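Two independent chains are provided; combine them into the complex using the hints.
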Amino acid sequence: MNLIGENITYKPDDQFHLNDVSFNFKKGNLYTILGRTLSGKTTFLKTIAGLLNPDSGNLSFEDNDFIKIPVWERNVAMVYQQFINYPHLNVYENIIFPLKQRKISEDQIKKDVEEALKTVGLVGFENRKIQELSGGQQQRVALARSLAKKAKILLLDEPLVNLDYKLREQLREEFKRIFTQGLSEDTILIYSTTDPQEVMELNGEVIVLDEGKVLQKGPAKEIFENPRTLKVAEISNDPPMNILKGTKNSEKLSFENILINSPSHFKNLSDQGYNFGIRASEIKLDDQGEEFEIELAEISGSETLLHLKKGESKVIALIEEVMNFKIHEKVKIKFNENKLYAFDQNEELVSSPYGVSHG
Amino acid sequence: MEKLYKFLKYTFIILWTVFIVAPFLWAISTSFKDFQSVNSKVTYIPWLDFEPTLEGWRVLVKSPARGGVDIVEPYFNSLFVTCTASLISIVLGTLAAYALSRFTFKAGFVRNNDITFFFISQRIMPPIVLSIPFFIFLSTIGLLDSLIGLVVVYIVLLMPIAVWIMVDFFNRVPKELDETALIDGCNPYQAFYKVVLPNSIPGLIVAGMFCIIFGWIDFFFAFILTFTEVQLLPVKVVALNSSITPWWSLSASALISVAPLIIVAFVVERYLSKGNLSGALK
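From first to last, the protein sequence lines are chains Z and S.
The numbers in the numbering used here rise by one with no breaks, and the one at position 13 of the first sequence is 13.
The numbers in the numbering used here rise by one with no breaks, and the one at position 252 of the second sequence is 1252.
Bound-form chain S, shown alone (with noise of 0.2 Å):
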């Protein structure tokens, strides 16, 4: 019984490792096709079946005067955007976090609770019923189709992610914590990134990993809101038709988009089994 339960517990563990990792083999070895390999037979391993080649890579990087897609500056631009709205909604976000969790806030009928429901109602309605308002506003201000202006329009789709999960945790750490800081000769602000702060860096490591997921990811402001001057990678990487644009190019660019987020993944899980997200606190 008990080998039969890790039998099927190992069958299971390995056709669900393939069925996950599968994908990303074939995206890696068509990358390194050319013409001849994709097209004739159905072939597998590098230097057997085919002879690798970084044709499909080049395209990337190549400007399209030169028969390239210039994969590059969307690529840094995306980063930019990307980390610069995350870095922004984490430090706004985890003061805002941490002003709801320790402090009481009363106007009008107006308590704590509202004020957070008011930052996770923005990640409520569909994406879609913000695109207008979103669209106007940075037209008015001039801010369309720039760099600053999808830095702004991010930080309100990623500070809503960073307060609710902020103030999740900062309500888990003792409020004796800070008043002991307090008492041990500490003003406020110390209290909070002497003790508090390096207590959180669980939290803060979480939300940072959200924020960037979901900031990487997005397609659709990114798309609404650029025309010609700024193009972000998802909005690039969708434009690669497939009818122009080889299979060994679009491999590529799939798998550099999503390279970020596997990186971010490896280090958050590195950090998480060290049991630093458990272990801090009780």
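Looking at chain Z on its own, in the form it has when it is part of the complex (with noise of 0.2 Å):
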């Protein structure tokens, strides 16, 4: 009854935009897709909508070979990163558009109708035309569409990234409201979207894909406390993760001509040559630390990140306040050993401060 893919892969030119995803999707469950641009994500989505046809694998929903149905017969719903709607209809058209389709009768129509507009807010809009909305409440209209399908296959295609910051944080609060009430047992949800903090907000089912490949699956708190290899580390956390290469000499740790002590999750770690994984947010500022040379101080909302750099090391560390710098100045900043992270040379995680789990 689930929604099964199976070694799914599509390269329209030379390039993979799927390479041999496989998944199992359980109703009534939330998927994020986590991945920068160009990984796949929409390709993915597309393809379990049914907008493109992969050109190998096998991909199943309730038992039904899904690649033989046509799209229009799918009975999806997705909801795209740029305002989709119908131009030619007002806000209330929009919405019946795909019930009307369906031939659904009018007084369950009017009801869906009614519930989706309250859902998103939108009561009181329905005879509005689609171009006198703002961009946050075109994407509800969308949204409502897609809520008022009843659609079993929900898909949302990055559907925060082209709003205003403020916007999008509201938004996702309601997000996250309408995916935990407004969704029917047997939905499946699938959510993509480039930033790691939407994917722990929503805390689904994680998959991160990068190139068209799978890299890592699992609960979003798994991905974040242990992402199983480096590229991984760097995509589900914004900023990324700093990378410093080293060595580990029994109690020490050694980059950059910095020794720091080795933390105690480290122990069992053979001396050689790693990857030290950091958070922005576990280096501080700290009068008794390495001294580093700022390149660039960027102020988002009340935190201030500092992009540092010693030799060819370059890290970016999160102050949680509003600091002036000048570029160039130097700073002295502290690294957080407890929260430190190991890759091996094959870039794979070896130690975390969660408990490895893989090693």
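Keep in mind that a hint or two might mislead.
[As the list claims (entries may be wrong)] Here are the simulated DSSO-like pairs of lysine-lysine, each with C-alpha atoms no more than 30 Å apart in a straight line:
no., chain 1, residue 1, chain 2, residue 2
1, Z, 103, S, 1175
2, Z, 68, S, 1106
3, S, 1194, Z, 103
4, Z, 217, Z, 152
5, S, 1194, Z, 68
6, Z, 310, Z, 339
7, Z, 111, S, 1194
8, S, 1175, Z, 100
9, Z, 267, Z, 245
10, Z, 166, S, 1175
11, Z, 11, S, 1106
12, Z, 267, Z, 334
13, S, 1175, Z, 129
14, Z, 118, S, 1194
15, S, 1194, Z, 100
16, Z, 152, S, 1194
17, Z, 248, Z, 310
18, S, 1175, Z, 11
19, Z, 68, Z, 27
20, Z, 217, Z, 231
21, Z, 118, Z, 231
22, S, 1175, Z, 68
23, Z, 68, Z, 152
24, S, 1194, Z, 129
25, Z, 267, Z, 248
26, S, 1175, Z, 213
27, S, 1194, Z, 110
28, S, 1175, Z, 150
29, S, 1175, Z, 152
30, S, 1041, S, 1009
31, Z, 152, Z, 176
Hints were generated in silico from the structure; no laboratory data involved.
No experiment lies behind these values; they were computed from the predicted model shown.
Here it is in structure tokens:
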């Protein structure tokens, strides 16, 4: 009864858009696809929707071969990152469009539309033209259209990426509410995004996609705590996890002429070269720390992002207050060694502060 | 400075308007004059300068036997040929343009852009190049000097315009709109006429306008491919020799020939000024 994909490959040109992707999606669950731009997220969703046919592999839903069913008979819903609505119809007509297409009775349509409008908070906007709405409202209409359909598979392709910062925060909160309340038990929700924070907040099952390949699958917490490879660690953190090439030497870790104590969770690691990973938020300003040069200082909201450099190594530090820095100024920082990750030369995780699960 | 700018602006606008409107005013007033008021002295204002008469207009509808020029039949011929050819061109051109915009064709070295170019290339060469082939073609299938034959030829001339305009228009309609329609339960044909077409009305209007204008004003093919049976308006109007046909009738015939284009222009202008052309799709 699940949505099952087996070894799906799609390679229209010389480049893989999907490379041997397999999955098993259960009803009533939320799945997030995390990946950078051009990692194949949209292709993934379009394949499920039926807009693209994979070159090889199987896709089945409720024990039917999905690939043989054309898009318009699949009963899926999709929200695009561009706000796609029917510009020639008003809000109400937009939402009933798919329902009319499926020849549902008038009464039922009315009920469904009212419910959907309530869920997305657009009651009273029924007769507005699409062009009169703001971006956020347009995206709500698109979402309402998808919800009213009561499709068994709901696909959201980076629905928040084209909104401004504030609206994104707000809509993300609402999405969480809608996804927990507004969805029926037999809906599969698939949500793609580039933003790790969104993935963590939605807290579903995560699939990390890169160059069309699945790098890691698992609950959001698991991805956050134990990114299986260096690449996953980069993709699943914003700013990306800092990677420092260094070596372990019994009780000390060294990189760029910096010597720090080896944390307790590293004690089983053999002495050799590693890629040490540390999140930007685990680097603090400290007068006792190591000297780095500022390359760039960005203030975002109430935080300051410091791009720092020492020798060949570049790190990004997240300071939780607004501070003014000059470029090329020297600052002293301290690494929180208890939150260090270690990846081996093959870029695979060998030790994490949350207890390694693969080694 | 502001005032000077405003003054110059409006002066220019007024001069330009006079420049555009004056010939029409001249033609309108002349068409209501009689022999006396045209040839004796300069006259402008009806009822004061001269006594208006409908004689010039009456000549247009009288048969030649009764001293008229009978412009009615060519007029309806022209209307029929232009409208039929435009309609067919728009329908076929829109379908072709949608296919060219949405699907990828590969035939040997030929790609979508090449096919689009083939359409447009019909309009690149001077019409005279096509005249002999058209003549031989129509005479072979026995449609020379007939309305149907003219419709066929005009479709060849007008469809490239429709394809060209509509390809460009469809390319600006996001592909995601079609995809959303498919996801929402439309098959490809429904997606086209329920979603894409209603959002392409401005493009259709522009394409239709160009087809009607180019069809209506064509003299060359109407002249070459007809003899005695069928006559189109441009040919008829040109044939009204001013030494035989009086000025007032010439003016009337000129006015009535541009009338449809003026109507088209007003309708389109009204539609476009509603902002429907630009606002529909972002």
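Against the structure, the hints come out as follows:
1. A C-alpha spacing of about 25 Å is found between residue 103(Z) and residue 1175(S), which places the hinted pair at or below 30 Å, so the restraint holds.
2. For a cut-off of 30 Å, the pair hint linking residue 68(Z) to residue 1106(S) stands: about 25 Å separates their Cα positions.
3. Taking the CA atoms of residue 1194(S) and residue 103(Z), the gap is about 15 Å. The hint holds against a cut of 30 Å.
4. For a cut-off of 30 Å, the pair hint linking residue 217(Z) to residue 152(Z) stands: about 22 Å separates their Cα positions.
5. Simply put, residue 1194(S) and residue 68(Z) have alpha-carbon atoms about 25 Å apart, close enough for the 30 Å limit, and the pair holds.
6. Between residue 310(Z) and residue 339(Z) the CA atoms are separated by roughly 21 Å; this keeps the pair inside 30 Å, and the hint holds.
7. Proximity of residue 111(Z) to residue 1194(S) is assessed by CA-CA distance (about 24 Å); at most 30 Å being required, the pair is judged to hold.
8. Proximity of residue 1175(S) to residue 100(Z) is assessed by CA-CA distance (about 22 Å); at most 30 Å being required, the pair is judged to hold.
9. A C-alpha spacing of about 18 Å is found between residue 267(Z) and residue 245(Z), which places the hinted pair at or below 30 Å, so the restraint holds.
10. Note on residue 166(Z) and residue 1175(S): the hinted pairing holds, with a Cα-Cα distance of about 29 Å set against a maximum of 30 Å.
11. With a C-alpha separation of about 18 Å, the suggested pair residue 11(Z) and residue 1106(S) falls inside the 30 Å cut-off, and the hint holds.
12. Between residue 267(Z) and residue 334(Z), the direct Cα distance comes to roughly 21 Å. Compliance with the 30 Å bound is thereby established for this hinted pair.
13. At roughly 21 Å between alpha-carbon atoms, residue 1175(S) and residue 129(Z) fall within 30 Å of each other, so this suggested pair holds.
14. Restraint check: the Cα-Cα separation between residue 118(Z) and residue 1194(S) comes to about 27 Å, which is no more than 30 Å; the hinted pair holds.
15. Annotation: proposed proximity of residue 1194(S) to residue 100(Z) holds, straight-line Cα distance about 12 Å (limit 30 Å).
16. For the suggested pair residue 152(Z) and residue 1194(S), the alpha carbons sit about 24 Å apart, so the restraint of at most 30 Å is met.
17. Restraint check for residue 248(Z) and residue 310(Z): satisfied, since their Cα atoms lie roughly 19 Å apart, inside the 30 Å limit.
18. At roughly 20 Å between alpha-carbon atoms, residue 1175(S) and residue 11(Z) fall within 30 Å of each other, so this suggested pair holds.
19. Simply put, residue 68(Z) and residue 27(Z) have alpha-carbon atoms about 21 Å apart, close enough for the 30 Å limit, and the pair holds.
20. Taking the CA atoms of residue 217(Z) and residue 231(Z), the gap is near 13 Å; set against the 30 Å cutoff, the hint holds.
21. Distance restraint check for residue 118(Z) and residue 231(Z): the Cα-Cα separation of roughly 41 Å exceeds the 30 Å cut-off, and the hinted pair is therefore not satisfied.
22. In summary, the hint linking residue 1175(S) to residue 68(Z) is supported, as the alpha carbons are separated by about 23 Å, within the 30 Å threshold.
23. For the proposed pair residue 68(Z) and residue 152(Z), the alpha carbon gap of about 17 Å is at most 30 Å, so the pair holds.
24. A hinted pair counts as satisfied when its Cα atoms are at most 30 Å apart, and residue 1194(S) with residue 129(Z) qualifies at roughly 17 Å.
25. Proposed proximity of residue 267(Z) and residue 248(Z) is supported: the alpha carbons are some 10 Å apart, at most 30 Å.
26. Annotation: proposed proximity of residue 1175(S) to residue 213(Z) holds, straight-line Cα distance about 26 Å (limit 30 Å).
27. About 21 Å separates the Cα atoms of residue 1194(S) and residue 110(Z), which keeps this hinted pair within 30 Å; it holds.
28. Among the hinted pairs, residue 1175(S) with residue 150(Z) is consistent with the structure: their alpha-carbon atoms are about 24 Å apart, no more than 30 Å.
29. Distance hint between residue 1175(S) and residue 152(Z) is fulfilled; the C-alpha atoms sit about 24 Å from each other, no more than 30 Å.
30. Pair hint residue 1041(S) plus residue 1009(S) does not hold up; C-alpha atoms about 36 Å apart against a cutoff of 30 Å.
31. Distance hint between residue 152(Z) and residue 176(Z) is fulfilled; the C-alpha atoms sit about 18 Å from each other, no more than 30 Å.
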